[in-house]
Every structure is written in C-alpha cells, then in structure tokens.
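There are 2 protein chains.
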Amino acid sequence: MTDAFKIGIAGLGTVGTGVIKILTQNADIIAARAGRPIEIMAVSARSKNKDRGVDLSNYDWVDDAGDMAARDDLDCVVELIGGSEGLAADLVRGALNGKKHVVTANKALVAHHGYELAEIAEGNGVSLNYEAAVAGGIPVIKAMREGLAANKFSAVYGILNGTCNYILTEMRETGRDFADVLKDAQEAGYAEADPTFDVEGVDAAHKLCILSSIAFGVKPDFEALTVSGISRINATDITFASEFGYRIKLLGVAQEVDGEILQVVEPCVVPIGSPLGAIEDVYNAVYVDGNFVETPLLTGKGAGEGPTASSVVADIIDLARGISLPTFGVPVSQLKDLSPLDAGACKGSYYLRLNVLDQPGVLAEVSAILRDHNISVEGMSQHGRDPDQPVPIVLTTHEAIHADMVKAAELIEALDFCVETPCLMVVRDI
Amino acid sequence: MTDAFKIGIAGLGTVGTGVIKILTQNADIIAARAGRPIEIMAVSARSKNKDRGVDLSNYDWVDDAGDMAARDDLDCVVELIGGSEGLAADLVRGALNGKKHVVTANKALVAHHGYELAEIAEGNGVSLNYEAAVAGGIPVIKAMREGLAANKFSAVYGILNGTCNYILTEMRETGRDFADVLKDAQEAGYAEADPTFDVEGVDAAHKLCILSSIAFGVKPDFEALTVSGISRINATDITFASEFGYRIKLLGVAQEVDGEILQVVEPCVVPIGSPLGAIEDVYNAVYVDGNFVETPLLTGKGAGEGPTASSVVADIIDLARGISLPTFGVPVSQLKDLSPLDAGACKGSYYLRLNVLDQPGVLAEVSAILRDHNISVEGMSQHGRDPDQPVPIVLTTHEAIHADMVKAAELIEALDFCVETPCLMVVRDI
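Same order as they appear, the protein sequences are chains X and D. The working numbering puts the first residue of the first sequence at 1, with every later residue one more than the last. The working numbering puts the first residue of the second sequence at 1, with every later residue one more than the last.
Note that these hints are calculated values from the structure, not bench results. You may find that some hints are simply not true.
In this list, chains with the same sequence are indistinguishable; a pair is considered to hold if it fits within one copy or across any two.
Pairs of lysine-lysine, DSS-like flavour, derived with a Cα cap of 30 Å [stated by the list, open to error]: (1) K219 / K347; (2) K407 / K183; (3) K152 / K21; (4) K219 / K21; (5) K336 / K21; (6) K21 / K48; (7) K48 / K99; (8) K219 / K336; (9) K50 / K347; (10) K183 / K6; (11) K50 / K152; (12) K6 / K152; (13) K336 / K6.
Please model the entire structure based on the sequences and the hints provided.
Written out as structure tokens, the structure is:
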C-alpha cells in the first residue's frame, strides 16, 4: 500500500471531533477508497484537557495551531477553527505557502479571502478544498466544480441556512412569531446564542458568494452581495403567504445576465409545490440552471457533526487520491472581476404586506402610488376589520421593476396611516 | 496551454450529438475548467449521411466503431452505442486494452460486465467513467464515489426510471389505466416503442446494480437482483394507495445487512410527503444512508439529450483534468463477491390489493390465512358493493415477514372467489 496521507487537524469542536470519529470508525473503507491510509499526525485546539469523547493520545498535541503550517510531516492541514480573520486565516495562508494542501469548512474565510488563498494555493501547487463550507453533507461544491462542469450556468439558487429554514417552518406550523420561535430554537440548540450571522443572512451570504464564484468563474466578491435576513418576517406574513399559495424562504440567488451578476440573500416567497418551496425544517437545497442541465437539486441536512465532517473527510480523500482542482473551478488567472448587476433594474412579481390604520381612503392612496410606479396588482387580501386600528393588507403584483417597487414601498411607508415599514418580498418561481 | 485531450465518439444518437453540441457551444469554459481544450478527433455511427443537426466535417469519420480502439491519436473513447454485448462491449474492451480511457452512458454494459471491464481498466492504468449511465444529468456516481466517500453505506434507494415515474404520475392524475397511459407516452416520445426494459424494471435494475456495487464495494452482480415492473399496477391501486396516504413508485432498493445485500427493483408504496414520495413525473431521485450522512437526496431529470450528454462531458473533463478513480470506488482486488440477502426473511409492512367476488365469507377466509401467517391487518378498504361481481379490497398490514406475505398472497389467489392475482407491495418509509 502506498504511503499514508498525513494530516493535522486544527480545531476540535463538533466538526473536528466528527472528522476524528469518521477517520477512526471508517478507516478501512476510507483507505480502500483513497488507495492509502489517512493518518492523523497532529491536532490542535484551545483547550487540551477538555473531554471531547475521542481519544487524542495517538496524535501530537500542538499548542499553537499556527505551528501546523511549519510541520514537515504533514501533507494536509485541516482548518476547523472558523472566522474569516486571525488564527484560521494565518494558518491557512501559512499552510498553503508551506506547500501543504488545506481542507476547511470555513465559509467566511473562503468568501472573504478566497481569491487571495486561491492564488497562494495555485502558486504553491497545492489545493484548497472547502466542500463542508456550503450545505454540510451535500456534495454541492463537487457537483458544481466537477459533476456539472460541462455547463455554462445562468443561475444558482439555494436554501443555504438550516437555522432560518427551521425557524420559518416552525413559525408556519405553530403560528408563532419570529422572536418566540428563535428563543426556543436557541434553547434546543438549533440556533446560536448570538444568532445574528444566521438570521440576518450573513452565513447564507458567505455560502452564496462561494457558489457564485464557481458558477460564473468570478473572484469571490462578498461586498457585491445584497443581504437581508428573516427577522422582519412575522406570523402574519407566513399566514398571508400560505393563503396566496406561497412559502417564505430565505433564498440565496446568484444570476448572470449579459456578463453582470446579481448576488442577493433575502426572504422570498416561493410557490408551495415548487422544488425549493417544498424544502422544510433544517434541510438545505441547491438548485442550478445550466445550459444543458435543467434544475438538478441537491437536498440534505446542511449542518451537524456527521454531515459536515463527512464533507471534510471527502475532501481529504480527494487529496489522498491525488485529485487536485483549481479552487474555484478555473485557474486563478481566468477568474474575472465581478460586474454587479443593478438589482433595481430587475423585474419580478412582488409580495407587499402593509400594516395600516383601518380607515377610509387607504386603498385609494396606496393604489395611486402603485399606479404611478407602473405596478399592477394581481391579488389583495385583508383579514378582518378594526376601524382606526392597524390591520395588515397584503398585495401581490404582476411583473414590475424592482426600483419602482422599492420606491413605492417607501412612499407608502411615509403616509400617515402606515404604522410600520412595509414588508416587500420578491416572488421566485423555483 | 497544455495539449488537447483527444476523444473519439462512437454512437451519434441523441446523446452523442448532445455531446458534440456541448463541446462546441461551451468549448471555452470547458477548456478553462479542464485546464486544456477537449478535441473531438473522430466520430462513428451506423449511418454517415443522416442529418443530425451538428457539423461533423471537422472530425474523421470511422466506419467501424471498433476501429476507434486502435487509433493512436485518442486519449479517450466515448461509447454511446448501447447494449451490453456486441459492438459496444467489443469497443470498450478494445479501447481499455489499448490504454485509452473510456466514457460511456451504457448502464447495461456496466451492470453486466462491469467487473471484467474494471479489471481491464485497472490493468491498463486507464479509467472507465459512466456518470451518464445512472440518473442522467444528476451527478450521483460522483456523489457516491467521491462526495460521500467518507461513509459506510447501509442503503441506497432510487427512483431510477423516468418513464415509469411519468406513467405512474399520469395514471394518478388522470385516473387512467397503465396500458392506456403507456400508449400515449409512446406517442409523445416519453416511452420507447418496445417499452419492456423501462416498464418491467430492467433499466432501473441496471442502474441499481451499479449503485449497489459502489455503495457496498461488491462486484456488480445483476443476476442477484430481484426485478419486477409496473405493468401489473392498475388505476385501482393508484386510487387506494392515495386513500391510504401513499404514492406508488418503482423503487430500486439496495441494502446491506450483516454483509449480505438485498437488491430489488419493484413497485412500492411510499408516504405521499416523503422525500421519494414527492418525486413526480420524469424526475429521478437517489437517496442514500451513510453512517455519517443522513439522506442526502439528488433529484433531477434523469434522461434526455442535455442532461445525459452533460454527464458524459463531465466524465471527459474529469479525465482531461487527470482525475482517475477505481471503477467502483475501490481497487478491483478489494471488490467482494456479493452475498445475497434472503429477501424472504426481510420484515416490512405491506399493501395487498385483492380482486374478489363480492360474496359472504370472503373476508373470513382471507383473515384466517393472514392470521395463520402472523400477519396483522392495519387498515382495510373496500369501495362499493356489487353482489357476486368482482370488487377490489385493499389491506395494509403491520410488520410481517416477506415470505409469509408472499405465501399468504398465493393461498388467497387459490381461493375460488379470488378472480385475479393479488397485488402485493411493500411499504417503504422513504
């Protein structure tokens, strides 16, 4: 048998210990598939003595993870520390410069510094693999970089954050409001103590940024993303959306139109029976449009120890097999700068929920504003009446220009009877 | 730029011409991803002068496809002739023996001769790639051989034949019977003039045989498969299944239990809301159970020019990139002989539809037979009454032993009042 493929693991949280469990429990089959054993030489984490449920006694303990980069007994450093800056970033740079392959689950790092890291990797003849950074156990990076590589992509859509999808599903099933469901999710361990990255769409945006780069052959450009989260969605929206035949989903959408690219993460309304409308709970899903493949969909649990660690180990197996690919699917020199598409010029149908005082003339004023912005109403719903108290009204529109919708919503918000910022969401038929 | 990767294409039907279209239309992006251009040197088909809508004038025409194997200007032969024997098999053997990589969409060939071909490929240091053989444009072979390679698999389930899934969906939506829907599907081009391979489950069985080999590291063993098709499903079954909350699906199921493997293709009843129950029309889906990844699901259109050709070209790009993998995920020497699991010993819940004369005592006799075989009834439904005429009765059972169910069904069929072979289907909660 060929020499072992030797790795060091930096970061022993849930995913890091999961990687050790897989490499231990499945050692035989992994060696058979990789053509050689995979051997853990060294590990590193903040606390040496914490009980992690795995035996670390056969591995060198490295106090400073950064020292992994300089060890000459490693073929590959596995970075599971997290964060786009600091120790994780230094370690990855150091390892690549030291001609070691790197496997990471760090979506923030790849989204923010992917281009620089790809240059370093390519310059040193090593690989940066990051399957686990997007959609946990679902091999979506492999599908896009390899399995669908025959295609020009025009769009990639994803439900990329399991926490948000769980919260939205739970809100719908129980009729409870966002804050209430979030609190329970935190107590049950489905949401972080600081949920900002998840619920405000940042986590999904990191993932979309990576998918967009592979899909369109552009340098990852996180700044070009428009991001909003689900905290402004309330139980009323969920109910109204269902009434109109929709589900509310936090979608990542990247589209290329004439060389310009739209990258947006935002809550959208999606038909109930559609491929993404049917994805519930903690499930993730990715859907792509290629010019020869319609709509392959990859679905699965997007997080958790097992799935994420499974993808980390798959990346390691690839490297042990000698598979090495350009970081974003094409050589660095061929990655283009991203030309952002003007979102305001995009057309779409919209869901607009207002919270207005129930008084005469409201609909006349709203209708006039919509008319003045070339917005044609498709459907309208108001539940109950409560004179002079706030009531929700939902409108759905025919195709309109995004900037017009935004402007109309602003003008409506400025009216006296409008008691809350309107909730505006685009309809995505996917 | 590195030297071109040179291919010959044998077989210019729908898929073959699709491959030419992709390599032509997407030449730039494919060269960027592969790191080198992919160049078609030679093509071969039965008829030279047929108009295929693609320009063949830049390629050498080879009259006898078998001659491709001996050309010294090719890195890879793309076999799109089809059939498990004859020209296709000879060409693939010849090409591999001639140290050329082979890409094929030929499921019958890989299912029947995969082990022998894997030996030849490995012995000659070349690859046999066959992504397009299973589930068209969905990169399921790549997912199982690579993306999920960290896992020990316990099961793989699939809706693997789009024609059958289309027919079953259409039967449910229109209430029409099998033969009637099949006839329309043939006229519309969704089913072959000779539909046997599709509707009798042979096509799905070829695909399952391949997936099973990768999942469990066994030599492909088509003879070990139990196969039945959908021609015995009637409109009544579809209606009753819906009433009980089920869809009828032609499922391929491969499961490993203590080193023994079950491989079966058969119509099953599946809960309406389940991952596979929700897959309708021509869509395919594959669902796997790994020991660290739960249930990733790949869905997509499983056939057609674009998707199938997309997978063929992805295989070619892999080879151009220098990616070479063992045919079934592990070296040939490590592929085990398959020990078939005794299906009769398996437990499950069942759907049993009888067609019986509506007369006193029927239920008593049926119930006695079930009781004598330790089969406990969960639900029962009979629609309408028609004394002394045949009426359908459906029973669903609690968990029972498969051999007992089969025996009970046989005894029921032998009763005077039973006018038709009972329809027995296992319930699969996936």
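Hint check results:
1. K219 / K347: For K219 and K347, only the intra-copy Cα distance (26 Å) is at most 30 Å; the inter-copy one is 53 Å.
2. K407 / K183: The answer is neither: 34 Å in one copy and 54 Å across copies each exceed 30 Å.
3. K152 / K21: Between copies only: 13 Å across chains, 38 Å inside a chain, cut-off 30 Å.
4. K219 / K21: The answer is between: 28 Å across copies meets 30 Å, while 35 Å in one copy does not.
5. K336 / K21: This pair counts as between: shortest inter-copy Cα distance 25 Å, intra-copy 40 Å.
6. K21 / K48: Result: close within a single copy only, 18 Å intra versus 57 Å inter.
7. K48 / K99: Result: close within a single copy only, 27 Å intra versus 52 Å inter.
8. K219 / K336: within (6 Å within a copy, 45 Å between copies)
9. K50 / K347: Cα proximity of K50 and K347: none, with 54 Å in one copy and 44 Å across.
10. K183 / K6: neither (43 Å within a copy, 59 Å between copies)
11. K50 / K152: between (48 Å within a copy, 29 Å between copies)
12. K6 / K152: between (36 Å within a copy, 21 Å between copies)
13. K336 / K6: between (34 Å within a copy, 28 Å between copies)
Comparing the model with each numbered hint stated earlier shows that hints 2, 9, 10 do not hold.
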